[in-house]
Amino acid sequence: MRQIFTLQLLFSTIRLSTPLVLAALGGLYSERSGVINIALEGLLLAGAFTAASVTYYAHSPWVGLGSAIIAGAAVAAIIAVACIRYKADQVVTGTGINILFIGLPAVLSGALFLSSGSTPQIPRENLLPVLSHFLPFMPAWRIFTDVSIISLLALVIVFVTRYVLYRTPFGLRLRAVGENPEAADAAGVAVNRMRYVGVILSGALAGIGGAYLSIGQSSLFTRNMAAGRGFIALAALIFGKWRPVQTMLACLLFGFADALTIQMQGVAKLPSGEDIPVQFIQMIPYVVTIVVLAGFIGQSRAPKALGTPYQKEK
Amino acid sequence: MKLFKEILFPLIAVVAAFIVGGIVILIIGDSPIQTYKLLLGSAFSWPDGIGYTLFNATPLIFTGLAVAVAFRCGLLNIGAEGQLYVAAFAAAWVGMKFGAPDPGNTFVSQIVHLPGIVLVPLCCIAAIVAGAIWGGIPGLLKAKFGSHEVINTIMLNFIAVALLSYFTQYHYKVPGDPIMQTAPTSPSSNLAHLGKFIPGLPARIPLNLAFILAIVACILVYIFLWKTKWGYEMRATGANPSAAEYGGISIRKQIILAMAISGGLAGMVGINEVLGYRHRYYDGFSANYGFVGIAVALLGRNHPVGVFLAAILFAILLRGGIFVDAFTMHVSKDIVDMLQGIVIVFVAAEAIFRGPLKQFGLLKKAKV
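For the protein sequence lines, the chains are L and P, in the order given.
The numbering of the first sequence is the working numbering, which starts it at 40 and goes up by one.
The numbering of the second sequence is the working numbering, which starts it at 31 and goes up by one.
Note that these hints are calculated values from the structure, not bench results.
The beta carbon of each residue, even a glycine, is placed where N, CA and C say it ideally should be.
A few of these clues could be false.
[To be verified] Residues of chain P placed beyond 10 Å of chain L at every Cβ, according to the derived structure: (1) 74; (2) 78; (3) 131; (4) 148; (5) 175; (6) 184; (7) 188; (8) 211; (9) 222; (10) 226; (11) 233; (12) 253; (13) 335.
[Said to hold, decoys possible] Below are the DSS-like pairs computed for lysine-lysine, each with C-alpha atoms no more than 27 Å apart in a straight line: (14) 174(P) / 280(L); (15) 351(L) / 126(L); (16) 343(L) / 283(P); (17) 126(L) / 226(P); (18) 32(P) / 126(L).
[Said to hold, decoys possible] Negatives, chain P to chain L, calculated, CB over 10 Å: (19) 45; (20) 53; (21) 130; (22) 182; (23) 200; (24) 234; (25) 242; (26) 254; (27) 256; (28) 275; (29) 277; (30) 279; (31) 321; (32) 328; (33) 381.
Here chain L stands alone, though its shape is the one from the complex (with noise of 0.2 Å):
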């Protein structure tokens, strides 16, 4: 066991997590206005596509960060467009998005980089830099502690959040409108115009989680990396309760189920000799959210107006 539980796995909760609270965030602007947001999937891989690439050519990971967040908002805004203007069901949207995105970027990646469906690799000194780089000297353990500054960002970005979200007119606004939009239309809200916010904020967020997983985590875009992530952080979303430090937490949980997966492998025995079958520890956070979705720990309330398009009273 003590191989198991070291400062090694802390380290890769955090890393693992990274993505998945930045997505789950994302998540979290979008439904709070109102908006179902199933497409996490799809906008992260849209920003770690669009990181790689960009990064590949302009050599600056800054870059590569700032198209992969303008990348996610833009898939945001189709879907929001769709879904607000054009009232389309918000999960089938979601799941056009997704399979989109599973599609077009190994198209481009084919054409550009003459591949089937991956980035060529980026050199280290062009990644995301981690937080050790910043410091003056070289600590002995900085290799096993070694977090993106883009983990020390999602931290912050979930607090901003908080503040937000419960301290500011605009969180108030945009946690009415998915509550009540009737009512906060009557008090002047302009309720699409949040919801245009809220999902256009959720693919920024998804960008930059998208842009840790390919230019941060790893060098390169691979097909399909996103590897089910965007549904993590949905079911984080549900069983935070659509809070943000809750969902942090939740996100923290599920990224050491796999952070343990990984640690594991081939190292943990049954008394009898076996292997740990990996694959339990995988079902982790999705059988959670199932027990936590059926209310038997704790009620998960969704924002009551979450997935109905609002039409104004003529």
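Starting from the known structure of chain L, fit chain P onto it as the hints suggest.
Same frame as chain L, now just chain P:
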């Protein structure tokens, strides 16, 4: 007029998706016309083109029907993917355990040696029941706890994948086999290829009896939804739940039933895959059939006839993708995923086309 509109919107969505896709192809530096010729044209040759297209269409008909039935009850089943995996495994399990073993299977022991005439139906039933259970769980959760079927079906997809990968890896894989697949099923569980009955269709083309089953499923779903009391109640629930409840229909029962039927239909993919094609459970075999089923159902307007036609269209694309990969400079077969995604978005947001259509006088202005 109504039929006209039912056909018009899906058609426009497809054309619009092809136009957007064409722009992407143009930017990439290939000819859209040549690419689309490859994509659509390769499906019509006899026997390979048609044989493989119908084979590819088979799973999409099942998942399309699955999503459509749930839709008619007001539910979105994003879980067809998980349901068809569980079902395929169930079919393979029965095929391994209840029939005379395949020479390649020296590993999984048998309970009995049933003849094909009993074993094949048994495998089919196992697939349908397993799919129905996996689909019924989110139905039950929604009916009992009100938890949203969309999230639960997504979660159950991942659980199914993990669970089956466990069973495959630890219990049913022939030791030493580097591929994540179970031992082969009994030869008596094989479903005949249609090449056996149709002259000119070579037996190597895996189009099998499951395709006939898919047509039968289309007819049965039509009869069920529009000609029976149960189907009427299901559609009433989907159209207006509170009115249905007022009329004495138990919504909870309808939700569970619709999800179970939906799961059972998705499960029939396992029949095509295991009994008709691979003769074993192959981990991760599904080419997003469950998700493409959503596109198929939407494009087919949740009607069996529409589902059948939409499944054929997507199957043509799947087949054509191979040729696009081989014969264009830059475009890869991933263009198919891309087009599917765009079609879904356009079908969902069909209101986009209302304005222009009214301008051209194709649509009356009365209804918004």
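Consistency of the hints with the structure:
At roughly 24 Å, the least C-beta separation between residue 74(P) and chain L is larger than 10 Å, which holds for a residue marked as non-interface. Remark: the non-interface label on residue 78(P) is consistent with the geometry, its nearest Cβ contact in chain L lying 24 Å away (cut-off 10 Å). The claim that residue 131(P) lies off the interface holds: its Cβ sits roughly 26 Å from the closest Cβ of chain L, which is beyond the 10 Å cut-off. Remark: the non-interface label on residue 148(P) is consistent with the geometry, its nearest Cβ contact in chain L lying 33 Å away (cut-off 10 Å).
A cut-off of 10 Å between C-beta atoms contradicts the statement that residue 175(P) is not in contact with chain L; the least separation is 4 Å. The Cβ of residue 184(P) sits about 5 Å from the closest Cβ of chain L, inside the 10 Å cut-off, so the non-interface label is violated. Once the 10 Å rule is applied to beta carbons, residue 188(P) is inconsistent with being away from chain L; the minimum gap is 5 Å. Against chain L, the non-interface label of residue 211(P) holds: every CB pair exceeds 10 Å, the least being about 16 Å.
The non-interface label for residue 222(P) is consistent with chain L: the shortest C-beta to C-beta separation is roughly 33 Å, beyond 10 Å. With a minimum CB-CB distance of about 35 Å to chain L, residue 226(P) clears the 10 Å threshold, and the non-interface call stands. The claim that residue 233(P) lies off the interface holds: its Cβ sits roughly 32 Å from the closest Cβ of chain L, which is beyond the 10 Å cut-off. For residue 253(P), the non-interface assignment is confirmed: its Cβ lies about 27 Å from the closest Cβ of chain L, beyond the 10 Å cut-off.
Interface exclusion of residue 335(P) from chain L stands, the closest Cβ pair being 21 Å apart, more than 10 Å. A hinted pair counts as satisfied when its Cα atoms are at most 27 Å apart, and residue 174(P) with residue 280(L) qualifies at roughly 20 Å. At roughly 12 Å between alpha-carbon atoms, residue 351(L) and residue 126(L) fall within 27 Å of each other, so this suggested pair holds. The hinted pair formed by residue 343(L) and residue 283(P) meets the criterion: a straight-line CA distance of about 25 Å does not exceed 27 Å.
Taking the CA atoms of residue 126(L) and residue 226(P), the gap is about 50 Å. The hint is violated against a cut of 27 Å. Straight-line distance between C-alpha atoms of residue 32(P) and residue 126(L) comes to about 21 Å, which keeps the hinted pair within the 27 Å bound. Every C-beta of chain L lies more than 10 Å from that of residue 45(P), the closest at about 16 Å, which supports listing it as non-interface. The beta carbon of residue 53(P) is kept farther than 10 Å from every beta carbon of chain L, the shortest such distance being approximately 12 Å.
Consistency note on residue 130(P): stated as away from chain L, and its beta-carbon is indeed over 10 Å from all of that chain's, at 31 Å minimum. Taking the minimum C-beta to C-beta distance to chain L, about 6 Å, the non-interface status of residue 182(P) is violated against the 10 Å cut. The claim that residue 200(P) lies off the interface is violated: its Cβ sits roughly 6 Å from the closest Cβ of chain L, which falls inside the 10 Å cut-off. Here residue 234(P) stays apart from chain L, with its beta-carbon at least about 26 Å from theirs, past the 10 Å limit.
Every beta carbon of chain L lies more than 10 Å from that of residue 242(P), the smallest distance being close to 29 Å; the non-interface claim holds. Every beta carbon of chain L lies more than 10 Å from that of residue 254(P), the smallest distance being close to 23 Å; the non-interface claim holds. The claim that residue 256(P) lies off the interface holds: its Cβ sits roughly 23 Å from the closest Cβ of chain L, which is beyond the 10 Å cut-off. For residue 275(P), the requirement that its beta carbon stay farther than 10 Å from each beta carbon of chain L is met, with the minimum near 19 Å.
Chain L leaves residue 277(P) outside its interface by the beta-carbon criterion, the shortest separation being 24 Å against a cut-off of 10 Å. Distance to chain L confirms residue 279(P) as a non-interface residue, since its nearest Cβ pair spans about 23 Å, more than 10 Å. Listed as outside the interface, residue 321(P) is inconsistent with that label: its C-beta sits roughly 6 Å from the nearest C-beta of chain L, within the 10 Å cut-off. Separation of residue 328(P) from chain L is inadequate, the least Cβ-Cβ distance of about 7 Å not exceeding the 10 Å criterion.
Separation of residue 381(P) from chain L is inadequate, the least Cβ-Cβ distance of about 4 Å not exceeding the 10 Å criterion.
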